[in-house]
Amino acid sequence: MADLTEPVTTDDWALGPPDAPVTLVEYADFECPYCRQMGPMLRRLQERGGGRLLLVYRHLPLSAGHPHAMNAAMAAEYAGAHGKFWEMHDLLFAHQEALDIDHLAEYARQLGLDGEEMKQAVETGRFRAAVRHDLVSGVRSGANGTPTIFINGDRYDGPRVEHNLADAIERAAGQPYGEEVETTGYTRSLPPES
Amino acid sequence: MTPLSPGTPAPDFTLPSTMDRPISLAEYRGRPVVLAFFPATWSPVCEEELALFQEVLPELHELGAELLGISVDNIWSQLAWANQYHFQFPLLSDFHPRGQVARSYGVLREDGVTERALFVIDGEGKIRYCYVSPLRENPGADRVLEVLEDLRAEREAGAH
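Protein chains in written order, with our numbering: chain Y, 577 to 770; chain W, 206 to 365.
You may find that some hints are simply not true.
What follows is a set of in silico ranges between Cβ atoms, one per label pair, in the way DEER data are often shown [claimed, not checked]:
#1 W:K331 / Y:Q686: 49 to 59 Å
#2 Y:E699 / W:E359: 15 to 25 Å
#3 Y:E673 / W:H301: 37 to 47 Å
#4 Y:E673 / W:L340: 46 to 56 Å
#5 W:E329 / Y:R620: 50 to 60 Å
#6 W:D217 / Y:H709: 53 to 63 Å
#7 W:P339 / Y:E673: 46 to 56 Å
#8 W:E359 / Y:E692: 16 to 26 Å
#9 W:A362 / Y:T581: 21 to 31 Å
#10 W:K331 / Y:D666: 45 to 55 Å
#11 W:P214 / Y:G626: 55 to 65 Å
Worth flagging that the hints you see were computed from the coordinates, not collected in a lab.
Since this is a predicted model, take the numbers as computed values, not measurements.
C-beta atoms are modelled at their ideal positions from N, C-alpha and C, and glycine is treated no differently.
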């Protein structure tokens, strides 16, 4: 139980080498305060990992308490379709208190994207199915809140603290964080809808 | 208290609900019901648990099931909470006599609130799944979805 049911594929938003010894999948919500803490932490762990970690972001917007989370997730998908997923990911967490549609369009413009087109994509729900797909896969995998993390497919229930996560990644890799190795970062280029 | 185990007939009840009318378990006979006992409105874990279930309401409905939340809170507290979070499924108030339904399912705690407990009841009114989560832990919805899928497979096998 609490095993990742949906394997990581090239359709995922991922950072790191595809053949890294450790894959960490985060199910998160851009409006969730715990995810805001986790986001930058995982980015640092990925960079520090020197090629040991493939970091994957999947959407789990819980709209009941977070009314802007679904729109923010769709805005990230829009940015991703234009090659700016992680940049938008970082902007959204950095500006978590302002995720209304006008601010989302402003963040798109900051990334050199068309704010009006993004607004329209969000308002017409162009990426809703992609976000829902992530969400349902998370719930089926036993996600029990945001963020929920899976390390090599097993749900991580330990403390949401950087050194605990680093330990868990090291255990999964079977080797400590050491000298840097060459990393070939990649993100998925186009979502299925495009 | 020991929670009722799978195979036991689910005790019927009628309780005031946030749907502006009393709700009885018996009215759902013929389709599965997910009963989510939660300790308290306005608590963070309860909010996250029910928010998660709300996200998969389309999947629950697609499996023919209904979701009912139950707590010992009074109906006004439940209504205010449901309005705040836009919960689109009934919350049932086990307020008077306090915790009577929770007691009949074996999930009333010594401190007067219910356990964080999930029951799946089949169309014949029999308990098919029960899980009591640690109070501070959101149980998630993965097992409930699996059990509902098994029930659907059973129904389909029975229909042939």
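These are the hints, each one checked on the structure:
A hinted range of 49 to 59 Å holds for the C-beta pair W:K331 and Y:Q686, which are about 57 Å apart. Take Y:E699 and W:E359: their Cβ atoms lie about 42 Å apart, and the range 15 to 25 Å is violated. The hinted range of 37 to 47 Å is satisfied by Y:E673 and W:H301, whose Cβ atoms lie roughly 41 Å apart. About 31 Å separates the C-beta atoms of Y:E673 and W:L340, a value inconsistent with the hinted range of 46 to 56 Å.
One distance hint, 50 to 60 Å for the beta-carbon pair W:E329 and Y:R620, holds here, with the actual separation near 54 Å. Distance hint check: the CB atoms of W:D217 and Y:H709 are about 38 Å apart, inconsistent with the given range 53 to 63 Å. For W:P339 and Y:E673, the hinted distance range of 46 to 56 Å is not satisfied, since their beta carbons lie about 32 Å from each other. For the hinted restraint 16 to 26 Å between W:E359 and Y:E692, the CB-CB distance of approximately 51 Å leaves it violated.
The given range of 21 to 31 Å is respected by W:A362 and Y:T581, whose C-beta atoms sit roughly 23 Å from each other. W:K331 and Y:D666 have their C-beta atoms about 51 Å apart, which keeps the hinted 45 to 55 Å range intact. W:P214 and Y:G626 have their C-beta atoms about 59 Å apart, which keeps the hinted 55 to 65 Å range intact.
Of the hints listed earlier, those the structure fails to meet are numbers 2, 4, 6, 7 and 8, in rising order.
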